[in-house]
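Protein chains in written order, with the working numbering: chain X, 1 to 111; chain A, 1001 to 1114.
Keep in mind that the hints were calculated from the coordinates and are not lab data. One should not assume that every hint holds.
Stated by the list, open to error - Beta-carbon label-pair distances, calculated as ranges:
| id | chain 1 | residue 1 | chain 2 | residue 2 | range |
| --- | --- | --- | --- | --- | --- |
| 1 | X | G40 | A | M1015 | 20 to 30 Å |
| 2 | X | A78 | A | P1081 | 42 to 52 Å |
| 3 | X | T108 | A | A1072 | 21 to 31 Å |
To be verified - Using 20 Å as the maximum straight-line C-alpha spacing, the simulated EDC-like pairs for lysine to aspartate or glutamate come out as follows:
| id | chain 1 | residue 1 | chain 2 | residue 2 |
| --- | --- | --- | --- | --- |
| 4 | A | K1078 | A | E1102 |
| 5 | X | K56 | A | E1044 |
| 6 | X | K69 | X | D7 |
| 7 | A | K1068 | A | D1056 |
| 8 | X | K26 | A | E1044 |
Remember, it's a predicted structure, so these values are computed and weren't measured experimentally. C-beta: ideal position from N, C-alpha, C; glycine also.
Each chain is listed here by its residues.
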Amino acid sequence: SQQGEEDPQALSIQEGENATMNCSYKTSINNLQWYRQNSGRGLVHLILIRSNEREKHSGRLRVTLDTSKKSSSLLITASRAADTASYFCATDAGTGNQFYFGTGTSLTVIP
Amino acid sequence: DAGVIQSPRHEVTEMGQEVTLRCKPISGHNSLFWYRQTMMRGLELLIYFNNNVPIDDSGMPEDRFSAKMPNASFSTLKIQPSEPRDSAVYFCASGGQGAAGELFFGEGSRLTVL
């Protein structure tokens, strides 16, 4: 399978704490993306990081990429109850135009 | 823009019936993807179109599944005959070259086959 694997499968934290999710993948990539999915909804794009980048920030999100370990992490700082959702990484498996999703991390932020 | 529009949002059908799911991508996007989401398998890429042409359908599970994109603003995913194991949420997503890989998802079609 070309899918990534997120770790942990589920994460529960208090509001205001930071949340870190990890993604490991199997093949070489051109880019890696993170998406968010609220219950019963479609996925929403959060951030894209290219294979030649090591870190990227967007608001309270910080993404790192280690291509030598084939892994990425998503950090959400100062979490809010509204951040409760499932988070997925997606890689292009080197195709540049087809995207394969991991198994997701279910994040619960307790108010 | 209204985003990616999928219909129906929910469908309940009996085994053996034909199911047709519909998708209207975002205007101007040239890539369209169909995904299936289940608890057991997560998000599976079924088929990918570029400029209305199917590029990779290796994820289509069986011959019972077929997908078409007759024009840039419409795609269908058909299951005939449907089986209970086809029960899942089916997502359509579109992307444009300018988006550098970002995909825009519809809200999904939840299919239940009894």
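Quick rundown of the hints versus the structure:
In this structure the supplied range 20 to 30 Å holds for X:G40 paired with A:M1015, their Cβ-Cβ distance being about 25 Å. Checked against the hint of 42 to 52 Å, the pair X:A78 and A:P1081 passes, with Cβ atoms roughly 51 Å apart. The given range of 21 to 31 Å is broken by X:T108 and A:A1072, whose C-beta atoms sit roughly 40 Å from each other. Taking the CA atoms of A:K1078 and A:E1102, the gap is about 26 Å. The hint is violated against a cut of 20 Å.
With a CA separation close to 27 Å, the supplied pair X:K56 and A:E1044 exceeds the 20 Å bound. Between the alpha carbons of X:K69 and X:D7 the distance comes to roughly 15 Å, so the proposed pair stays at or under 20 Å and holds. Distance hint between A:K1068 and A:D1056 is fulfilled; the C-alpha atoms sit about 12 Å from each other, no more than 20 Å. Among the hinted pairs, X:K26 with A:E1044 is consistent with the structure: their alpha-carbon atoms are about 16 Å apart, no more than 20 Å.
Comparing the model with each numbered hint stated earlier shows that hints 3, 4 and 5 do not hold.
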